[in-house]
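Protein chains in written order, with the working numbering: chain A, 1 to 210; chain B, 211 to 759.
Be aware that a few hints might be false.
[Said to hold, decoys possible] Here are a few chain A residues that face chain B, going by a calculated C-beta distance under 10 angstroms: (1) His12; (2) Arg16; (3) Ser31.
[As the list claims (entries may be wrong)] Some chain B residues close to chain A (C-beta under 7 angstroms, calculated; not the full set): (4) Val300; (5) Val445; (6) Pro453; (7) Gly456; (8) Pro459.
Hints in this document: simulated from the structure, not taken from any laboratory.
Positions of the beta carbon are idealized from the N, C-alpha and C atoms, including for glycine.
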Amino acid sequence: MPEQRELHEPFHQRERQEEADRLGMLVFIGSEAMLFGGIFAAALALRLLHPHEFTSASAHMKLWHGTANTAVLLTSSLLAAIAVEAARGGRARWAGRALWGAAALGMLFLAIKAHEYWLEWREGVVPGPPNADFGSRFEQLFMNFYFVATGLHALHLTAGLVLLGITALNRRARHDRGAVLIGNVALYWHLVDLVWVFLYPTIYLAGAGR
Amino acid sequence: MSAAAIDAEREPEDVERTSYLRAGYSLRSWFFTTDHKRIAILYLFSISFFFAIGGIAAALIRLDLLTPGPDLLSNDGYNRAFSLHGIIMVWFFLIPSIPNTFGNFLIPLMIGARDLAFPRLNLLSWYIYIFAGLLTLLVVLGGGVDTGWTFYTPLTTMYANGMVVMAVVAVFISGFSTILTGLNFIVTIHKLRAPGMTWSRLPLFIWSHYAVSLIFVLATPVLAVTLLLLLAERVFGIGVFDPSLGGDPLLFQHLFWFYSHPAVYIMVLPALGVMSELITSAAHKQIFGYWFVAYASIAIAVIGFLVWGHHMFVSGQSIYASTVFSFLSLAVAVPSAIKVFNWTATLYKGDIDISAPLLFAMGFIVLFVAGGLTGLMLAMLAIDVHVHDTYFVVAHFHYIMVGGTVTAFFGALHYWWPKITGRMYNEMLARIAAITILVGFNLTFFPQYMLGYEGMPRRYHVYPPEFQVLHVLSSAGAGLLAVGYLMPLFYLVWSLFKGARASANPWGATGLEWTTSSPPPKHNFTEQPVVVRGPYHYPLKHPSSRDHA
């Protein structure tokens, strides 16, 4: 017998409540998308103001780190989608495994990102410390933008990791045939993925091949 | 409206016994409530508090401007006073004012729901708001902020003194409250409408709150990211606005106004929704052009996202961009005008019941039209260059935000007061207050149009002596306005104890909220209401045949 989530206060019907939970998550994701919209607007402005400097600064980015992270995060998102399907199909154990897999790949993403930051620290292109040494003023502006954008993304990714962990540990969520909690967490995880899918070309590919 | 009518006919003792106000008296039953009506009252108290603080700052500004010289406040003190006034009034009074009090209270009642979709989120939203508000208060009173409410770079990132960082953090935190409220409203309106409550039967109050919720969730995060970029620059030195690195401070203004112009519609759209209810109820008549008014709210919300550049006509942005922004700013006046025309058409040949809420509504129309028409002047490129950053602009946005929103807020407070508290206030005092506010407001802000047109810049502490007459008039008006705003505090509180008991439907209005008892029971309706007709299904009767409840 699949377990059901209980009704909470204003609702009379379970289906209604599940629809409302999902709509709430979608609205929240719309809101989050606008948050990153501001970041992309800033990137656009920097690129319009300094088209050549932007691409040459982008060419200094560690393309392989970015590419590997894109692959890692896309796969992680796939696992989250599989977890939803598994929960809907009543395969609670597989749902749990897929969630842990998604979380593990999320941590791998952070590890690769940390390595990239560390290399940049060694090269002295992290703003702040005394050894900082940028080729040009715009190079520093680009790195400022890069750290704010990827830092904000990493923050969202960390929040997503916590959510994935909580959901994977939640027995009731795994056994819920409606996959309400897993579905909503997966939606959030897809947002984290989607933001990266746009950050990757904006930061890494703009100067690739130069 | 069928089943819920049982709530309208209950005996006074029964109403008293089941009232949400009597569902618990402990502090816990208020501060940990998930009842949208009680949370609305928490908001009502807290925004009134912040309104008073912002008002005191305004009084200081007006007192200082009585004379051309710097008499009352120091230069820095004056900068801090108007920054405090702006920050508190915009983020902690105007933005949450109508949605978080009346929206919170009325949306479930109007659509026949037991509560908002996420009641605990609603409570969390209040806690975030009150935390951010108190933090702001601590900062602006303790350390002071002299950047104005707009936090422009590079002033804010490089030069401003005072506790800018904490003020920005507090405003950032308050955004979460706004987003959660908007999210809650959207989901509630989509998923918790009573059987029969189709989209075409939604009260216009709901339509305007739906529109405002869209702005809440889509514009507020842009402010959040803008403030984050600002903080990164000021705290960690990793700025993207920094001109010394080739960054563009104007980018800050673009991002800021991308939020803050829609924020103007956040402030005024709920007021427009209140108006549609007040006018139809007073005229006892079906709204003229329901769909025009409903879609006008959505149109204002959508076009409102595309006009932000009119704040930067003199910033050196491309003239082509300015032309487009000018055109769009004129375009956004069309749905606003549609609303005004439709309200007047609704009143035409209506069975008009003159009451305090109607007086507030009429005042609103006058002030909104005056503010709106000067908005059209400001949208013209050439005129804007002449009056940019003068008192003309100050007067314009006060006509919309104070003349519009605050007047509608008071109108709503009077109109729904019997529903919220179950008591009637003194009608005559309420009418006197409505007229005092209208006169006081015009006396305060009309001279500011003249000052601005003659060249008095905003945010200036000292001014040439020839401006003094107009400044004194404006300060005198502010005193009268303060009297008007303080009056309701007395007679409304008095009504709580001595006021006559209100019937379920004292105005003879048709909205679903009037079919339940005043005050409503804890879960709003004893039985699930079923809606069988539109929101303004008024039988137009001759005044003499109308039975005053």
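I'd like to know which numbered hints this structure contradicts. Please list them from smallest to largest.
The structure conflicts with hints 4, 5, 6 and 8, although it agrees with all the remaining ones.
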